[in-house]
Amino acid sequence: MTDVTDGVLHTLFHSDQGGHEQVVVCQDRATGLKAVIALHSTALGPALGGTRFYPYASEEAAVADALNLSRGMSYKNAMAGLGHGGGKAVIIGDPELIKSEELLLAYGRFVASLGGRYVTACDVGTYVADMDVVARECRWTTGRSPENGGAGDSSVLTAYGVFQGMRASAQHLWGDPTLRGRKVGVAGVGKVGHHLVEHLLSDGAEVIVTDVREESVRRITDLHPAVTVAVDTDALIRTEGLDIYAPCALGGALDDASVAALTARVVCGAANNQLAHPGVEKDLADRSVLYAPDYVVNAGGVIQVADELQGFDFDRCKAKASKIFDTTLAIFARAKADGIPPAAAADRIAEQRMAEAVGR
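Residues 1 to 360 (the numbering used here) make up the sequence shown, in order.
Wrong hints could be hidden among the right ones.
What the hints assert, rightly or not - Derived Cβ-Cβ restraints for the label pairs, each shown as a range:
| hint | residue 1 | residue 2 | range |
| --- | --- | --- | --- |
| 1 | Arg139 | Ala261 | 39 to 49 Å |
| 2 | Gly204 | Glu147 | 14 to 24 Å |
| 3 | Ala30 | Gly311 | 31 to 41 Å |
Honestly, the hints are just simulated from the structure, not real lab data. We put the beta carbon where it would ideally sit given N, CA and C, even for glycine.
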């Protein structure tokens, strides 16, 4: 465990991914819980971000993911105009094998021990029912079921926000916000992706999907036989005539190889941390691929869970998520004015908002 701790300290104090206020390593041997809670910033308010439950290849990989995701949440919450900083938690292990009520309760106690500095919610591998359990030990829990005072599934508004980002991308690139007649490839049709497909079909888009889970693809094609299926993501991004590529699974979807192979003119999806490494955003711009920054367009979910803290109102949340359209257009305009990629423009705006909050 010493190596992992050394890695955390190095990242916190010496690397470009640092700047985090606090990282908590949690263990409950009785339940098998191993978790990392990372608070990147509380400049704008209590850190808010989901809990990812995933079978990481190593403990170092889990720590790195928590640090990257929490940093992304600071930027996401700032761009969404929320009174929250950025945090994220990861639970190490296969949720299909080790998730239990006792483990979730133990995790809730760790979150509660932070006294409200971190507010948790769902993420990959955790669901509304899990947050209901966590909330029994921790009042700083969102994403709960309506029966337990929560807002329910946040993927609904996440997908809606991504759709607004796509509309803004179409407006910027083609002069019209409709996706009618556009060919859109969606990689990952799970919690968020399947809702996004519904929006796209309703708007008249031609949709191609892929997912590592056959049952997720089958759910889409059973309902919508007109949707076509790519064998994998590599085949999807190489599809001839693709207008928009939507990465909606795990992060790192945009690397050197995938960017070089892209046929789409726009990348706009729900996955977090889509850029595999610094410099990818410039590669996209050099290839004239318009990138809608992930943490901007996928903010609908965090808008929803944040609203839950003041008494959830779906219409109020949807109105806020609709503003993702205007925010995305503003980022494209800033990028053009400053001569930088959209990802860099979004970072500048978010960093300015956090810096102004610290100065107040």
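Notebook entry, point to check: Which numbered conditions among the earlier hints are violated in the structure presented, ordered from lowest to highest?
Noted result: As far as the earlier hints go, only 2 is violated by this structure.
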